[in-house]
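Line by line, the protein sequences are chains A and B.
Residues in the first sequence are numbered consecutively from 1, following this note's numbering.
Residues in the second sequence are numbered consecutively from 1, following this note's numbering.
Just so you know, not all the hints are guaranteed correct.
Stated by the list, open to error - Chain B stretches covered by chain A per the calculated footprint, using a threshold of three residues with CB under 8 Å from any CB of chain A:
id : stretch
1  : 15–28
2  : 35–44
3  : 71–85
4  : 92–102
Said to hold, decoys possible - Pairs of lysine to aspartate or glutamate residues, derived as DMTMM-like cross-links and limited to a Cα-Cα distance of at most 25 Å, are as follows:
id : chain 1 : residue 1 : chain 2 : residue 2
5  : A       : Lys-441   : A       : Asp-294
6  : A       : Lys-363   : A       : Glu-440
7  : A       : Lys-106   : B       : Glu-97
8  : B       : Lys-23    : B       : Glu-97
9  : A       : Lys-423   : A       : Glu-439
10 : A       : Lys-434   : A       : Glu-444
11 : A       : Lys-161   : B       : Asp-104
12 : A       : Lys-423   : A       : Glu-440
13 : A       : Lys-356   : A       : Glu-440
14 : A       : Lys-356   : A       : Glu-444
15 : A       : Lys-161   : B       : Asp-102
16 : A       : Lys-491   : A       : Glu-198
17 : B       : Lys-23    : B       : Asp-102
18 : A       : Lys-153   : B       : Asp-102
19 : A       : Lys-161   : B       : Asp-101
20 : A       : Lys-153   : B       : Glu-97
21 : A       : Lys-441   : A       : Glu-105
22 : B       : Lys-23    : B       : Asp-101
23 : A       : Lys-161   : B       : Glu-97
24 : A       : Lys-491   : A       : Asp-54
25 : A       : Lys-153   : A       : Glu-103
26 : B       : Lys-96    : A       : Glu-103
27 : B       : Lys-105   : A       : Asp-294
28 : A       : Lys-161   : A       : Asp-294
29 : A       : Lys-153   : B       : Asp-101
30 : A       : Lys-153   : B       : Asp-104
31 : A       : Lys-153   : A       : Glu-105
32 : A       : Lys-356   : A       : Glu-432
33 : B       : Lys-96    : A       : Glu-105
If you are wondering where the hints come from, they were derived from the structure by calculation, not from laboratory data.
By construction, the Cβ of each residue, glycine as well, lies at the ideal position given by its N, Cα and C atoms.
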Amino acid sequence: MNNLVVLPIVLPIMTGIILIFFRNQIGLQRWISFISLLFFIGLAANMVQLVYVDGIQTLYLGGWLPPFGIVLVADMFASLLVLTTAIVALSCLWFSFRSIGIEREKHYYYPFFHFLIAGVSGSFLTGDIFNLFVFFEVMLISSYVLIVLGATKIQLRETLKYLLVNIVSSALFVASVAFLYAITGTLNMADLSVRVAEVGQTGLLNVVALLFLIVFGLKAGLFLYFWLPGSYSAPPTPVAALFAGLLTKVGIYAIFRTFTLIFYHQPGITHEIMAWMAAATMILGVIGAIAFSDIRQVLAFNVVAGVGFIIFGLAAFTSASFQGAIFYLIHDMLVKALLFLLGGAVIGIAGTSNLKQMGGLIKYHPSLGWMFFIAGLALAGVPPLSGFIGKLLLVQGGLTAEFYWITGISLATSLLILYSIIKVFMHAFWGETKLSPKEEKGSEKGLLAPCAVLVFLSFALGLGADYLYPYIEVAAETLMDPSIYIQAVLKE
Amino acid sequence: MEILMSVVVGILFMVGTYLILTKSLLRIILGTGIISHGVHLLLLTMAGLKTGAPPLLGENAALYTDPLPQALILTAIVISFGVTGFFFVLAYRAYKELGTDDMDKLRGNDHE
Numbered sequence: 001m002n003n004l005v006v007l008p009i010v011l012p013i014m015t016g017i018i019l020i021f022f023r024n025q026i027g028l029q030r031w032i033s034f035i036s037l038l039f040f041i042g043l044a045a046n047m048v049q050l051v052y053v054d055g056i057q058t059l060y061l062g063g064w065l066p067p068f069g070i071v072l073v074a075d076m077f078a079s080l081l082v083l084t085t086a087i088v089a090l091s092c093l094w095f096s097f098r099s100i101g102i103e104r105e106k107h108y109y110y111p112f113f114h115f116l117i118a119g120v121s122g123s124f125l126t127g128d129i130f131n132l133f134v135f136f137e138v139m140l141i142s143s144y145v146l147i148v149l150g151a152t153k154i155q156l157r158e159t160l161k162y163l164l165v166n167i168v169s170s171a172l173f174v175a176s177v178a179f180l181y182a183i184t185g186t187l188n189m190a191d192l193s194v195r196v197a198e199v200g201q202t203g204l205l206n207v208v209a210l211l212f213l214i215v216f217g218l219k220a221g222l223f224l225y226f227w228l229p230g231s232y233s234a235p236p237t238p239v240a241a242l243f244a245g246l247l248t249k250v251g252i253y254a255i256f257r258t259f260t261l262i263f264y265h266q267p268g269i270t271h272e273i274m275a276w277m278a279a280a281t282m283i284l285g286v287i288g289a290i291a292f293s294d295i296r297q298v299l300a301f302n303v304v305a306g307v308g309f310i311i312f313g314l315a316a317f318t319s320a321s322f323q324g325a326i327f328y329l330i331h332d333m334l335v336k337a338l339l340f341l342l343g344g345a346v347i348g349i350a351g352t353s354n355l356k357q358m359g360g361l362i363k364y365h366p367s368l369g370w371m372f373f374i375a376g377l378a379l380a381g382v383p384p385l386s387g388f389i390g391k392l393l394l395v396q397g398g399l400t401a402e403f404y405w406i407t408g409i410s411l412a413t414s415l416l417i418l419y420s421i422i423k424v425f426m427h428a429f430w431g432e433t434k435l436s437p438k439e440e441k442g443s444e445k446g447l448l449a450p451c452a453v454l455v456f457l458s459f460a461l462g463l464g465a466d467y468l469y470p471y472i473e474v475a476a477e478t479l480m481d482p483s484i485y486i487q488a489v490l491k492e
Numbered sequence: 001m002e003i004l005m006s007v008v009v010g011i012l013f014m015v016g017t018y019l020i021l022t023k024s025l026l027r028i029i030l031g032t033g034i035i036s037h038g039v040h041l042l043l044l045t046m047a048g049l050k051t052g053a054p055p056l057l058g059e060n061a062a063l064y065t066d067p068l069p070q071a072l073i074l075t076a077i078v079i080s081f082g083v084t085g086f087f088f089v090l091a092y093r094a095y096k097e098l099g100t101d102d103m104d105k106l107r108g109n110d111h112e
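Working from the sequences, and respecting the hints, build out all of it.
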């Protein structure tokens with residue numbers, strides 16, 4: 001029992017509610033949001049350390065013991081993701097101050113920002129499958145509002161599609177929960193794990209497992225990513241960065257949770273399918289990333305390819321590949337947000353997202369250019385940066401699991417990701433300078449500081465991997481051995 | 001009873017899927033409504049339809065119906081109600097701004 005576990009959910013919700021009352025005091029809204037997120041980071045870091053020292057932290061809401069009440073569980077995997085969420089959210093918030101525009105700020109931008117974060121951290125921390133659905137909805141409803149806020153034509157159009165896809169996948173989620181409840185008679189994840197192990201994961205439970213794979217695959221953009229490129233290129237930059245950093249990752253987390261804790265008995269069926277879905281995701285994502293000459297589309301398809309890597313680590317199901325997947329997931333959240341922020345700054349300056357119409361930005365914007373270059377290298381996994389260790393462990397784990405083909409695909413994908421990002425870099429920053437400072441459509445003033453924080457963290461994650469590694473090891477160990485989680489939740 | 005309910009839920013899913021695949025936006029929203037009805041009935045059915053008293057302790061009955069799925073359905077209903085409300089307003093706004101409710105005309109890869 002530890003009351004700290006509920007604070008990452010309560011803090012953003014309370015902040016959001018308070019901000020509703022200060023609709024027209026934008027300065028005040030910004031200060032409250034910023035300070036609240038700083039607190040949040042401190043809180044999450046504290047939680048990571050606590051879990052590292054004392055083991056998994058649980059909180060029985062209302063004092064009801066599981067499986068009867070809702071339980072919040074902070075294991076190392078969830079705590080690390082909450083911390084990363086907090087950091088990504090802070091940099092996106094900081095970026096919003098200069099770029100989101102006063103009209104959006106007046107129409108409850110910051111409250112919805114905080115509600116979204118509450119939904120994300122709630123999804124990470126919950127130990128109950130129906131509660132996971134509710135937190136998904138908290139997150140999704142805020143994301144609907146954030147994506148459409150401003151109501152330009154493209155936003156309206158893409159929100160309609162995003163909304164429809166998510167309504168259908170939520171309906172499927174509830175249907176899967178209904179089937180699972182009919183078979184097991186419980187909703188608590190630890191209890192589910194025990195009962196599924198008791199009855200054996202036979203035909204019916206395999207079907208439910210695959211249904212969950214479809215549901216979370218829709219949310220995570222695992223193979224079922226058709227909605228993603230359009231939706232992620234519609235909203236304004238900081239919102240798109242927040243989505244790229246957090247939303248698909250919640251789906252990935254849910255896949256990890258269900259397939260390491262509950263449905264891990266038949267890897268020959270579920271994890272084999274997952275592996276090929278991951279391979280297809282990598283290939284199709286990277287084809288999209290190469291094909292387009294529009295910055296937004298290139299970056300959105302890179303999100304898709306990244307999902308493939310992480311799920312491949314889960315499908316390989318070795319301890320090295322788990323460590324790699326967790327490391328890569330954390331790195332991916334930071335670097336995808338960074339790339340979307342930098343891409344947004346480039347689009348803001350050039351006034352277009354078409355690569356063919358820009359060029360030579362490096363002359364007047366050297367720091368923006370080199371930061372974009374570093375972010376691209378980090379994404380591809382060049383050694384001193386953060387992407388390398390995750391990919392190394394993933395490849396190692398993939399080879400141990402004898403997934404030779406898929407490991408080969410993942411390496412080839414890395415190369416093509418590098419190509420797609422360098423293509424953006426070369427077209428946007430090199431070549432003849434097409435815009436003099438006077439003709440530029442926007443400025444980068446105040447936008448580079450949050451990006452610099454993320455660049456620094458990418459370096460720190462790469463160079464300081466030794467310090468982070470013990471935490472990752474603990475997280476992977478908990479995922480490999482569900483009994484640790486079950487004991488922590490259902491101890492008498 | 002469960003068999004009958006399963007068939008009904010199946011029909012609701014079928015109708016909902018058909019409506020979602022049509023062109024008109026309003027039909028799509030109706031389709032999502034019907035699918036969420038199907039899902040809620042499915043929750044009720046899958047928890048078992050044994051006869052028993054309503055889950056009120058004042059009834060002093062020997063057997064009660066399962067209260068958990070009823071709470072889940074109640075939660076799911078308000079969530080889908082909120083989302084549907086949002087969807088309708090969004091569709092109204094999109095119709096006013098874009099001048100069409102035909103999903104084919106809303107496709108487009110161009111940005112603006």
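Hints, one by one, checked against the model:
no.	hint	verdict
1	15–28	holds (count 3)
2	35–44	holds (count 7)
3	71–85	holds (count 7)
4	92–102	holds (count 4)
5	A:Lys-441 <-> A:Asp-294	holds, 17 Å
6	A:Lys-363 <-> A:Glu-440	holds, 13 Å
7	A:Lys-106 <-> B:Glu-97	holds, 22 Å
8	B:Lys-23 <-> B:Glu-97	holds, 18 Å
9	A:Lys-423 <-> A:Glu-439	holds, 24 Å
10	A:Lys-434 <-> A:Glu-444	holds, 17 Å
11	A:Lys-161 <-> B:Asp-104	holds, 12 Å
12	A:Lys-423 <-> A:Glu-440	holds, 22 Å
13	A:Lys-356 <-> A:Glu-440	holds, 16 Å
14	A:Lys-356 <-> A:Glu-444	holds, 21 Å
15	A:Lys-161 <-> B:Asp-102	holds, 13 Å
16	A:Lys-491 <-> A:Glu-198	holds, 18 Å
17	B:Lys-23 <-> B:Asp-102	holds, 5 Å
18	A:Lys-153 <-> B:Asp-102	holds, 15 Å
19	A:Lys-161 <-> B:Asp-101	holds, 13 Å
20	A:Lys-153 <-> B:Glu-97	holds, 7 Å
21	A:Lys-441 <-> A:Glu-105	holds, 21 Å
22	B:Lys-23 <-> B:Asp-101	holds, 8 Å
23	A:Lys-161 <-> B:Glu-97	holds, 16 Å
24	A:Lys-491 <-> A:Asp-54	holds, 15 Å
25	A:Lys-153 <-> A:Glu-103	holds, 17 Å
26	B:Lys-96 <-> A:Glu-103	holds, 20 Å
27	B:Lys-105 <-> A:Asp-294	holds, 22 Å
28	A:Lys-161 <-> A:Asp-294	holds, 21 Å
29	A:Lys-153 <-> B:Asp-101	holds, 13 Å
30	A:Lys-153 <-> B:Asp-104	holds, 15 Å
31	A:Lys-153 <-> A:Glu-105	holds, 19 Å
32	A:Lys-356 <-> A:Glu-432	holds, 12 Å
33	B:Lys-96 <-> A:Glu-105	holds, 24 Å
The earlier numbered hints are all upheld by this structure, with none contradicted.
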